[in-house]
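J.: What follows is the residue order along each chain.
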Amino acid sequence: DTGVSQDPRHKITKRGQNVTFRCDPISEHNRLYWYRQTLGQGPEFLTYFQNEAQLEKSRLLSDRFSAERPKGSFSTLEIQRTEQGDSAMYLCASMREWVNEQFFGPGTRLTVL
Amino acid sequence: SQQGEEDPQALSIQEGENATMNCSYKTSINNLQWYRQNSGRGLVHLILIRSNEREKHSGRLRVTLDTSKKSSSLLITASRAADTASYFCASVPDSNYQLIWGAGTKLIIKP
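The listed protein sequences correspond, in order, to chains A and B. If you read the first sequence in my numbering, its first letter stands for residue -3, the second for the next number, and so on. If you read the second sequence in my numbering, its first letter stands for residue 429, the second for the next number, and so on.
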């Protein structure tokens, strides 16, 4: 257990539905990252926050994806109008700025039927 | 998008043997990190090597870095069944702190 938690661990949804995932980082970590990982691939960067500010978003992140970190602690990732291609593992990681190690949560596995 | 490449994609060895995985990257880096991912579990940081370092050890792990070739290797000595996992390298560019991941090497240790 790295200290980063994600909820839910698994989510099965029908195409077109909205889903929201939550990440609780290690409390003293000011940076929080979201990644997507598909089978046999490494993680793909989606977005990251420094405290409550969203500093960077990947071009991969379509308008259907939105992330928030309202109080600089937990973060949510919402996917609207899910598509089958959104099926993947969604990973959250946190770190302290200037400390070169990211701590990953166990991930949320999304299956879109 | 992923910029790193790793080889081999899969490696199967007998317990007790050494396992070597290689990673290449494209941009100038600040550091390079190796992570392990067990089936169904999250990624765990193993070791970090800075751009001005050539070799680093941590327990049974040995990492090398050749910035002229933009490559790194991870050696696991005296492998154990518990080392069965996927191993990823992640390079950190000079320009920003964003991990650029390879596709990983799937390592299987046969008892």
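Be careful, since some hints might not be right.
Claimed, not checked - Computed list of chain A residues with no C-beta within reach of chain B, every gap over 12 Å:
| hint | residue |
| --- | --- |
| 1 | 7 |
| 2 | 89 |
| 3 | 96 |
Claimed, not checked - Label-pair distances were calculated between CB atoms; the ranges are:
| hint | chain 1 | residue 1 | chain 2 | residue 2 | range |
| --- | --- | --- | --- | --- | --- |
| 4 | A | 35 | B | 526 | 16 to 26 Å |
| 5 | B | 436 | A | 3 | 14 to 24 Å |
| 6 | A | 22 | B | 482 | 29 to 39 Å |
As the list claims (entries may be wrong) - Simulated coverage check for chain A against chain B, where a stretch passes if three residues somewhere in it have a Cβ under 8 Å from a Cβ of chain B:
| hint | region |
| --- | --- |
| 7 | 30 to 39 |
| 8 | 97 to 108 |
Please keep in mind that the hints were generated in silico from the structure rather than gathered at the bench. None of the values given here were measured: they were computed from a predicted structure. Beta carbons are placed, not taken as given, at the ideal position from N, Cα and C, and that holds for glycine.
J.: Confirm or reject each hint.
T.: Hint check:
1. 7: holds, 15 Å
2. 89: Label violated. Min Cβ-Cβ 8 Å, cutoff 12 Å.
3. 96: Incorrect as stated: the minimum Cβ-Cβ distance to chain B is 5 Å, not above 12 Å.
4. A:35 - B:526: 16 to 26 Å: Since residue 35 (chain A) and residue 526 (chain B) have Cβ atoms about 23 Å apart, the given range 16 to 26 Å holds.
5. B:436 - A:3: 14 to 24 Å: The hinted range 14 to 24 Å is violated for residue 436 (chain B) and residue 3 (chain A), with Cβ atoms some 36 Å apart.
6. A:22 - B:482: 29 to 39 Å: holds, 31 Å
7. 30 to 39: holds (count 4)
8. 97 to 108: holds (count 7)
Of the hints listed earlier, those the structure fails to meet are numbers 2, 3 and 5, in rising order.
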